[in-house]
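J.: Read off the chains here:
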Amino acid sequence: MSEKLAVALPGDQVHITTSPATEPFWLAARDSRLVAPRCGNCGHFRLPPTPFCPQCQSTEVDWVQLSGQATVYSFAVVHGFPGLPDITLVPVVVDLPDAPGARLVSNVIDVDPAEVYIGMPLEVTFSPIADGWQLPLFRAG
Amino acid sequence: MTGASGQVAIAGVGATPYYRRGESYPQTITELAGQAILAACEDAGISVTQIDGFAYYSGAGAGYGQSMDTAEFMETLGIPEVTFSASLTSGGGGSAGSIGLARAAILAGDATYVVTVMALQQARQRLGTVFAAVPPNPLNSFLQPSGLSGPGHLMSVLARRHMHLYGTRREAFAEIAISQRKNAANRPKALKRTPITLDDYFSARMIAEPLCLLDFCLETDGAVAVITTSLERARDLKQRPVPVVAAAHGGTREWGRAFAWMGMPDEMFASSGHAPVAKKLYQRAGVGPADIDVALLYDHFSAMVLMQLEDYGFCAKGEGGPFVESGAIRYEGGSIPLNTHGGQLSEAYIIGMTHVKEGVEQMRGTAINQVKDAELALVTGGPAALPVSGLILGRDS
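The listed protein sequences correspond, in order, to chains W and V. Just so we're aligned: 121 in our numbering is position 121 of the first sequence, and the numbers increase by one with no gaps anywhere. Just so we're aligned: 240 in our numbering is position 240 of the second sequence, and the numbers increase by one with no gaps anywhere.
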């Protein structure tokens, strides 16, 4: 039904900031590694990274390297963005099988939006954004 | 409603004209809010100098990037003294609940005439794509890069999940847009009055699939103010008092930051986040959904109205689609007339306050689309990041 392949926002327009709680995620992404914080006390995963574990209030964190596999939990097909009226984006909420309970919001790229479905397997890829960081994105896996 | 002791009531409502986005300029937020406050005082039959309390929501913000301030209102409106000035946190989810904040001030004896006001002007930044404009921070850096640039884009992801889990169809979202537009048709202040058809709906531009232009609320300017006082005092004023039967705000961690987080457990993800508040609201009021005569549900996006209908028990979880498609929400012939003022989809979007105003008019018996013999009105604020809120208004005997 649609012909245009979904893309991500142009990397030079994507800016992030970090806090001590979130920086390890972005440092790993800069090295093309997908990681998630697992509570060092009770093993509960959480995303985005926050100072305390919501299950046990511990501040201990193990940063676990993930496989990069994901599945589509839900998604949108977005037509246009301020300053980019013709862009087609597929923002996606993904489940991460090796970080149960944690979800990531990202984009599916290089895909016909009409072919994206809930439950679709995905695989992570990394793309440069502003200030030397990298953003995790997903392709059909 | 008989004994007035320990009860509060809404005694006055006021509003500015409603404007298309940016067209209230060069009036300022203070001017718009001040006009609404003066109109609400006039409606109640009190002098603005009698106001001694302010109960805001949204952190006293006026949309995104602008704010209201009690001292500034006192300075320009000549209010001599305030004894209460507070706000609910977060955003539009507190609209209905702010009347509960006013009630708390009155029942505690902290204030006598409490005003709740919201003013919105989108001359500098439109709300529809606000998340593309806010500076990055460590939390939104996990959201903003995806291009979900506005609230409706975020909620389209919830709508898709609802469709996946329960088979909800776009026809149901269409019915909400169409029936609310019909309700706006005879309202002089409504900004969208031309009827829409199912064909119009399916021809509308897709913004964030599965949601289209007609699923998104209007982007408008204006202000609405409400005066709350004790029921005893209200009975001596100009209008028939509208008792506050119950108010509740809050929510559970499983909803939390909601669509700015996307970590909700599956049973909560495709919801409005209102279920815990609905339960408390009905408990406090001693009524259930079958007792509600008119539902004024926060309608920033059609799909979230459908999920509120489920969370407030008008139908079972997952049944919102067939329920809406059956015509149940229509003003004429529906079992629970919904957003009889046209709502934010068709009248104007003042971050939830037009619903409070319509609830008051329904309970006074003066609404343009009056629900015959209506005795209880439900008003909601949000879905949004917590708190979300609900309010039940009644009819004074």
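No lab work stands behind these hints, which were simulated from the structure alone. We treat Cβ as the ideally placed atom computed from N, Cα and C, and that holds for glycine. Just to be clear, a hint being listed does not mean it is correct.
According to the in silico footprint, chain W covers these stretches of chain V (three or more CB under 8 Å from chain W) [unchecked claim]:
#, region
1, 148-159
2, 202-208
3, 230-237
4, 375-387
Derived coverage of chain W by chain V (criterion: at least 3 residues anywhere in the stretch with Cβ under 8 Å from a Cβ of chain V; other residues may be distant) [as the list claims (entries may be wrong)]:
#, region
5, 6-16
6, 27-35
7, 53-64
8, 106-119
If you want the ones that stay clear, here's a sample from chain V, every Cβ over 10 Å from chain W, calculated [said to hold, decoys possible]:
#, residue
9, P26
10, E75
11, D110
12, P136
13, R284
14, E319
J.: For D110 of chain V, which was marked as not at the interface, is the minimum beta-carbon distance to chain W over 10 Å?
T.: 34 Å, holds
J.: Hey, is E319 of chain V genuinely clear of chain W, shortest beta carbon separation above 10 Å?
T.: 20 Å, holds
J.: Between the region 202-208 of chain V and chain W, are there enough contacts, at least three residues with CB-CB distance under 8 Å, for the coverage claim to hold?
T.: Answer holds; 4 residues pass the 8 Å Cβ test.
J.: Report holds or violated for chain V covering the region 6-16 of chain W, Cβ cut-off 8 Å, minimum 3 residues.
T.: Answer holds; 5 residues pass the 8 Å Cβ test.
J.: Okay, the region 375-387 of chain V and chain W, do three or more residues pass the C-beta test at under 8 Å?
T.: violated (count 0)
J.: Confirm or reject the coverage of the region 53-64 of chain W by chain V under the rule of 3 or more residues with a beta carbon closer than 8 Å to the chain's beta carbons.
T.: violated (count 1)
J.: Just to make sure I understand the rule, a stretch counts as covered if three or more of its residues have a C-beta closer than 8 Å to a C-beta of the chain. Does the region 27-35 of chain W meet that for chain V?
T.: violated (count 0)
J.: Does the no-contact call for E75 of chain V survive, Cβ to all of chain W over 10 Å?
T.: For E75 of chain V, whose nearest Cβ neighbour in chain W is about 36 Å away, the distance exceeds 10 Å, so it holds.
J.: Can you tell me if the region 148-159 of chain V counts as covered by chain W, using C-beta to C-beta distances under 8 Å and a minimum of three residues?
T.: Since three or more residues must qualify, the claim that chain W covers the region 148-159 of chain V holds, with 6 doing so at under 8 Å.
J.: Mind verifying the non-interface call on P136 of chain V? Its CB should be farther than 10 Å from each CB in chain W.
T.: 5 Å, violated
J.: Against chain W, does P26 of chain V hold up as non-interface, every C-beta pair farther apart than 10 Å?
T.: 24 Å, holds
J.: Over 10 Å from every CB of chain W: does R284 of chain V meet that, or does the non-interface label fail?
T.: Answer for R284 of chain V: holds, closest chain W Cβ roughly 28 Å.
In summary, the numbered hints that this structure violates are 3, 4, 6, 7 and 12.
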